[in-house]
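Just need the whole structure built from these sequences, with the hints factored in.
So the protein sequences, as listed, match chains A and B.
Read in numbering that gives the first Met the number 0, the first sequence has 231 at position 232, and its numbers run on one by one without any break.
Read in numbering that gives the first Met the number 0, the second sequence has 33 at position 34, and its numbers run on one by one without any break.
Please keep in mind that the hints were generated in silico from the structure rather than gathered at the bench.
Take the hints with a grain of salt, since some may be wrong.
Straight-line C-alpha distance at most 30 Å; calculated DSSO-like pairs for lysine-lysine [stated by the list, open to error]:
1. B/K53 - A/K167
2. B/K45 - A/K136
3. B/K7 - A/K136
4. A/K137 - B/K7
Remember, predicted model here, so these are calculated numbers, not experimental data.
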Amino acid sequence: MSELENPGRPALLEMYRIATLIKQADDRFIALIKAGLIASPYYSPRGQELIPAAVSVNLRASDYVVTMYRGIHDQIGKGIPLRPFVAEFMGRATGTCKGKGGPMHITHVASGLPVTTGIVGAGLPIANGLAWAAQLKKTGQVTVCNFGDGATNIGAFHEALNLASLWKLPVVFVCQNNGYAEHTRYDLGTSSATIADRAVAYGMTGVTVDGNDAIELWRAARDAVGRARAGEGPTLLEAKTFRFRGHLLGDDSHYIPKAEMAAAMAEDPLPRYRAWLVVQGHASEAALDDIEATNAAAIEDAVEFALASPFPDESELTTDVYAMEARA
Amino acid sequence: MSTSAQKKMNMVQAIAMALDEAMALDPTVLALGEDIADAQGGGVFKCTAGLSTKYGTERVRSTPIAEQAIVGAAVGAALAGMRPVAEIMLMNFMTVAMDQVVNHAAKLRYMTGGQTHVPLTIRTTTGAGFGTGGQHADYLEAWFAHTAGIKVVAPSTPADAYGLLLSCIFDDDPCIFIENLPLYFVPGVAPLAGERVPLGKARVVCEGADVTVVSYSRTLHDVLEVARELEAQNVSVEVIDLRTIAPLDMDTISASVARTGRAVVAHEAQVDFGVGAEIVARLHREHFGRLKAPVGRVGAARSPVPYSKPLEAAFVPTRARIAAAILDTLN
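Set out below in structure tokens:
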């Protein structure tokens with residue numbers, strides 16, 4: 000296989016680093032929630048780690064990523080610093096949003112994460128605006144907008160795809176299709192056979208890839224980001240994946256047939272990717288263990304930082320509502 | 000200069016003048032909305048006529064009929080450092096884009112701990128009087144004033160429309176700019192170029208001693224007419240034009256009511272749960288012992304805007320109802 004068709008070794012290992020950092024952070028967050036140290040609904044991205052890993056290595060620091068309440072994988076992929084990231088989860092003053100946003104609204108402009116929305120599908124029209132500004136300013140920035148399959152059924156999805164195609168905006172719409180919109184199975188809520196099929200209606204490229212295959216994802220992301228960067232307009236990239244921990248932490252996934260869950264678990268993308276890296280000779284087991292040990296230390300450092308950080312002062316309650324705290 | 004002060008202009012011209020000036024002044028000012036570019040007619044009410052020819056269709060973009068896409072794109076562009084002016088043709092169509100306005104434009108500054116802000120202006124029009132029925136003429140300002148993070152502006156004259164719109168465009172918060180259709184083609188004193196009207200400052204339009212009437216937008220003109228009529232009956236009415244609904248200039252209202260001891264709030268939106276309720280509550284709190292009468296409220300009927308002409312005329316706060324509310328505080 001040619002270099003053009005495959006990521007080089009640094010990209011392969013970076014994807015592994017990001018994907019495992021996401022999984023390790025997810026495990027740690029769940030432990031913190033169970034210990035009562037984070038008080039928030041939690042939407043685990045477990046199973047979907049490879050998607051932002053493969054997209055991110057094709058992005059520049061200045062590119063934008065828009066994501067949603069199930070977004071820690073996208074945020075970690077874009078390189079959000081772990082200390083303020085974990086502090087925001089814990090509602091601390093040192094959090095990315097001073098503790099005012101919380102897990103569903105994690106934002107870090109310096110990392111290229113200007114919008115995380117708790118409203119299904121709302122990120123797409125906003126991503127268009129970020130891309131429009133980049134187009135006008137000729138900055139070459141690309142905007143990646145992440146959402147689930149459920150989001151493709153709200154009006155904003157259709158309005159946004161239509162506008163992005165009309166205006167040839169540098170956006171990559173990444174649908175992380177995990178097969179369930181909250182508790183509703185894909186085919187009970189979505190009328191098209193695939194999400195990518197919907198791109199046809201808007202005259203844009205639509206691609207469906209195996210979201211558990213790092214290399215296939217990387218190629219699709221590279222092509223979509225390249226099209227956007229070259230002024231060739233948006234892409235709808237559908238990555239088929241699975242959600243191992245239900246819609247919301249505590250959800251027992253009773254609506255997922257046991258056989259389906261077992262089959263998905265057997266296809267867990269992380270061990271598969273790890274085995275593939277070793278078998279292909281890209282890394283030794285020890286080298287991959289080292290990456291995970293470094294991740295674990297970084298996560299622990301961030302947790303300690305967050306736990307030692309103060310909660311916001313009560314005076315913060317009414318600041319940041321208006322530019323100059325206007326009397327209302 | 001007295002000559003320029005005498006010059007007349009209508010609100011459409013004043014808005015066009017403000018948009019032109021803002022776009023000339025600052026390359027980050029953008030305009031988007033349905034049919035706003037010149038090839039599509041320069042906006043259904045012509046407020047944007049000429050802009051795309053002058054500034055290009057990159058900066059002045061006609062959009063599909065897709066309000067969520069319009070406001071969402073404006074929010075995103077604002078986050079990326081632009082100053083977009085989105086046109087939502089009629090205020091009722093704001094309902095289609097409420098998620099973007101209320102959950103995003105209004106809250107992003109707060110939810111990001113001040114990392115981001117949304118310097119977005121949404122221009123929209125409304126007002127009963129053209130037989131458009133229930134879905135094209137509502138005043139929904141209370142919905143937005145109730146949402147923390149948004150500023151709500153409602154001019155009553157061409158000069159104010161010009162000066163307030165410039166202030167909105169260059170303000171760092173999201174502003175909803177409510178234009179009144181029945182006032183669009185009424186000539187008024189032309190604005191002086193470059194003269195901005197500050198947000199959050201009301202104006203005492205005429206001084207009076209017996210009662211304060213607080214109003215804005217089209218209803219203000221009816222209030223002024225009633226004030227002139229009552230003058231003949233020896234009733235001296237002080238009239239305040241809010242100009243900005245949120246933030247509310249309570250200082251100006253309160254100072255006036257401290258002198259007159261009586262107040263009425265008059266607006267076109269229906270009375271129940273409206274802007275008037277907020278003002279009345281604050282006045283009662285601040286002036287409870289000094290008020291000579293309960294503060295009155297006048298607004299539209301509690302009904303959707305009706306189509307049939309006599310019903311539509313009765314729906315809005317009529318001069319007779321405004322006069323009755325004022326006289327009621329004097330008895």
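Query raised in the report: Can the restraint linking A/K137 and B/K7 be considered satisfied, given a maximum Cα separation of 30 Å?
Result: The hint is violated at about 41 Å.
Report task. Decide if the proposed pair is consistent with the structure: B/K53 and A/K167, CA atoms, cutoff 30 Å inclusive. Result -> holds (22 Å)
Query - Agreement of B/K45 and A/K136 with the hint, judged by alpha carbon distance not exceeding 30 Å - result: Roughly 28 Å separates the two Cα atoms, so the pair holds.
Query raised in the report: Regarding the pair B/K7 and A/K136, is the alpha-carbon distance no greater than 30 Å?
Result: The given pair, whose Cα atoms are some 38 Å apart, is violated under the 30 Å limit.
Violation of the numbered hints given earlier is confined to hints 3 and 4; the remaining hints are satisfied by the structure.
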